[in-house]
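Residue numbers (numbering that gives the first Met the number 0), protein chains in the order written: chain A, 0 to 95; chain B, 0 to 305.
Keep in mind that a hint or two might mislead.
Claimed, not checked - Some but not every residue of chain A turned toward chain B, in silico, with C-beta under 7 Å:
| # | residue |
| --- | --- |
| 1 | P16 |
| 2 | Q33 |
| 3 | E37 |
| 4 | M38 |
What the hints assert, rightly or not - Estimated spans, in silico, between C-beta atoms of each pair:
| # | chain 1 | residue 1 | chain 2 | residue 2 | range |
| --- | --- | --- | --- | --- | --- |
| 5 | A | F46 | B | K210 | 39 to 45 Å |
| 6 | B | E261 | A | R91 | 54 to 60 Å |
| 7 | A | L64 | B | V295 | 19 to 25 Å |
| 8 | A | L32 | B | P303 | 50 to 56 Å |
| 9 | B | H274 | A | L64 | 20 to 26 Å |
| 10 | A | F46 | B | S269 | 42 to 48 Å |
| 11 | B | E56 | A | A29 | 51 to 57 Å |
| 12 | B | V295 | A | D63 | 39 to 45 Å |
| 13 | B | A154 | A | D63 | 26 to 32 Å |
To be verified - Okay, derived cross-link-like pairs now, DSS-like style, lysine-lysine, Cα gap no bigger than 25 Å in a straight line:
| # | chain 1 | residue 1 | chain 2 | residue 2 |
| --- | --- | --- | --- | --- |
| 14 | B | K165 | B | K155 |
| 15 | B | K139 | A | K15 |
| 16 | A | K15 | B | K165 |
To be clear, the hints were calculated from the coordinates, so they are not data collected in a lab.
C-beta atoms are modelled at their ideal positions from N, C-alpha and C, and glycine is treated no differently.
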Amino acid sequence: MEKKVYEVFRQERDGKPFVHSGNVEAPDDALALQYAREMFGRRGESFRLWVVLRDAVLELSDRDLLSPALDRSFRTVQGYRLRDKLAAAQGREAGT
Amino acid sequence: MTVSSLESRTREFFERVSNGGKVEMTDWMPDDYRREVLKFIEMHANSEIMGALPEREWINRAPTIHRKLALTAKIQDEVGHSQLLYRLAEDLGKSREQMFTDLLDGRTKFHNVFHYPTYTWADAGIIAWLVDAAAILSQKALLDCSYAPYARTMAKICWEESFHIKHGYDIVVTMMNGTDRQREMVQDALNRWWGPLMQFHGPRTPRETDKDIAWGIKARANEELRQEFLSLYVPRIRELGLTIPDPNLRYDEERGVWEYTEPDWNELRSVVTGHGPRSQERLGFRRMSYEQEAWVRRAVMGRPVV
Ligand SMILES: [Fe+2]
Ligand SMILES: [Fe+2]
Chain A
0 MEKKVYEVFR
10 QERDGKPFVH
20 SGNVEAPDDA
30 LALQYAREMF
40 GRRGESFRLW
50 VVLRDAVLEL
60 SDRDLLSPAL
70 DRSFRTVQGY
80 RLRDKLAAAQ
90 GREAGT
Chain B
0 MTVSSLESRT
10 REFFERVSNG
20 GKVEMTDWMP
30 DDYRREVLKF
40 IEMHANSEIM
50 GALPEREWIN
60 RAPTIHRKLA
70 LTAKIQDEVG
80 HSQLLYRLAE
90 DLGKSREQMF
100 TDLLDGRTKF
110 HNVFHYPTYT
120 WADAGIIAWL
130 VDAAAILSQK
140 ALLDCSYAPY
150 ARTMAKICWE
160 ESFHIKHGYD
170 IVVTMMNGTD
180 RQREMVQDAL
190 NRWWGPLMQF
200 HGPRTPRETD
210 KDIAWGIKAR
220 ANEELRQEFL
230 SLYVPRIREL
240 GLTIPDPNLR
250 YDEERGVWEY
260 TEPDWNELRS
270 VVTGHGPRSQ
280 ERLGFRRMSY
290 EQEAWVRRAV
300 MGRPVV
């Protein structure tokens with residue numbers, strides 16, 4: 000039987016995000032789960048595992064799309080410098 | 000499943016979630032829990048998408064290109080939040096079409112603050128600063144939600160919200176450093192938004208009778224959230240020289256609580272059931288774009304466009 004690669008995502012504790020942890024090779028889904036359990040859960044280090052066929056994983060890594068060159072600081076908290084403005088507003092209030 | 004095994008399974012489930020246990024989408028859950036989480040998330044999703052509309056009115060009237068970029072980015076975030084949340088709700092078993100039809104037909108609700116008109120640029124500032132601040136407190140109370148996919152989505156949403164608040168604060172502070180007319184605009188916007196803000200977190204449902212708290216869906220009671228909002232924002236509002244339009248607002252040092260004029264709960268009820276000053280207009284706009292853009296949905300779903 001042809002073997003397939005499954006990517007394994009491990010959840011460390013109840014409710015936490017699933018993090019990619021590695022992969023296993025297996026001929027079918029049932030054995031993939033079994034191998035994932037042996038590789039990533041045998042010490043009780045996983046609360047849950049998600050086991051996904053590698054062929055089913057889509058990747059996007061184009062830097063032009065993910066970190067475009069144009070300034071996007073207006074989308075972030077750090078993009079706003081309030082200190083001086085705020086001091087001016089507070090000062091005006093204190094002065095009245 | 001036999002009746003008694005269903006009962007014991009249900010009992011175990013509620014015991015688990017009320018003790019901090021988490022539920023994944025693939026887990027078995029009692030219908031009552033599924034319905035409640037779905038209702039909660041659906042209302043949240045509706046609020047995000049309807050919340051984009053009052054601010055949308057200001058994209059073409061933003062005073063500078065930077066404000067326009069930032070406002071557009073915020074609105075894009077809000078619509079994105081609704082997408083994330085509708086996706087969660089779909090996983091719980093209700094189709095997006097059904098959720099949209101229910102929203103448009105007034106069978107489901109969205110937050111009170113999005114039923115009100117906007118008049119000046121100061122409204123854009125007060126909404127982004129204070130409405131988002133009130134909303135982020137509710138959302139932070141969901142970071143440990145028993146429904147884990149919701150909690151994880153909330154981590155992303157809260158991260159994005161922090162820029163909304165900062166940008167709104169920046170608008171307000173900038174205007175307060177401007178002309179008398181600009182300061183009046185901010186004061187006028189605050190006067191109009193204060194009532195809806197005080198109603199935002201809802202009536203004082205006691206912790207003990209709040210099902211959402213018992214089931215670990217949210218962590219904090221309505222009044223706790225309102226008190227925190229007041230503690231955090233009353234000083235910040237006042238230090239800018241603004242007056243909060245409530246003569247009874249005061250901090251009782253002894254009891255450690257804010258006292259305030261009782262919010263108008265009748266107004267809240269009437270507004271969220273579609274009788275607010277802009278409820279029908281906003282729903283009408285949403286309906287129009289839903290119909291006009293139907294071809295986009297068909298194209299995206301790979302169905303014939305005509
Ligand atoms: Fe949002
Ligand atoms: Fe926001």
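Hints versus structure:
1. P16: OK, holds: P16(A) within 7 Å of chain B, min 6 Å.
2. Q33: Violated, because the Cβ-Cβ distance from Q33(A) to chain B comes to roughly 18 Å (cut-off 7 Å).
3. E37: Hint on E37(A): violated, closest Cβ of chain B at ~21 Å, above 7 Å.
4. M38: 21 Å, violated
5. F46(A) - K210(B): 39 to 45 Å: 26 Å, violated
6. E261(B) - R91(A): 54 to 60 Å: Violated, since E261(B) and R91(A) (Cβ atoms, about 33 Å apart) do not stay within the stated range.
7. L64(A) - V295(B): 19 to 25 Å: Check passed, 21 Å falls within 19 to 25 Å.
8. L32(A) - P303(B): 50 to 56 Å: 40 Å, violated
9. H274(B) - L64(A): 20 to 26 Å: 45 Å, violated
10. F46(A) - S269(B): 42 to 48 Å: Since F46(A) and S269(B) have Cβ atoms about 46 Å apart, the given range 42 to 48 Å holds.
11. E56(B) - A29(A): 51 to 57 Å: Since the Cβ atoms of E56(B) and A29(A) sit about 56 Å apart, the hinted range of 51 to 57 Å holds.
12. V295(B) - D63(A): 39 to 45 Å: 25 Å, violated
13. A154(B) - D63(A): 26 to 32 Å: About 27 Å separates the Cβ atoms of A154(B) and D63(A), which means 26 to 32 Å holds.
14. K165(B) - K155(B): 17 Å, holds
15. K139(B) - K15(A): 16 Å, holds
16. K15(A) - K165(B): 28 Å, violated
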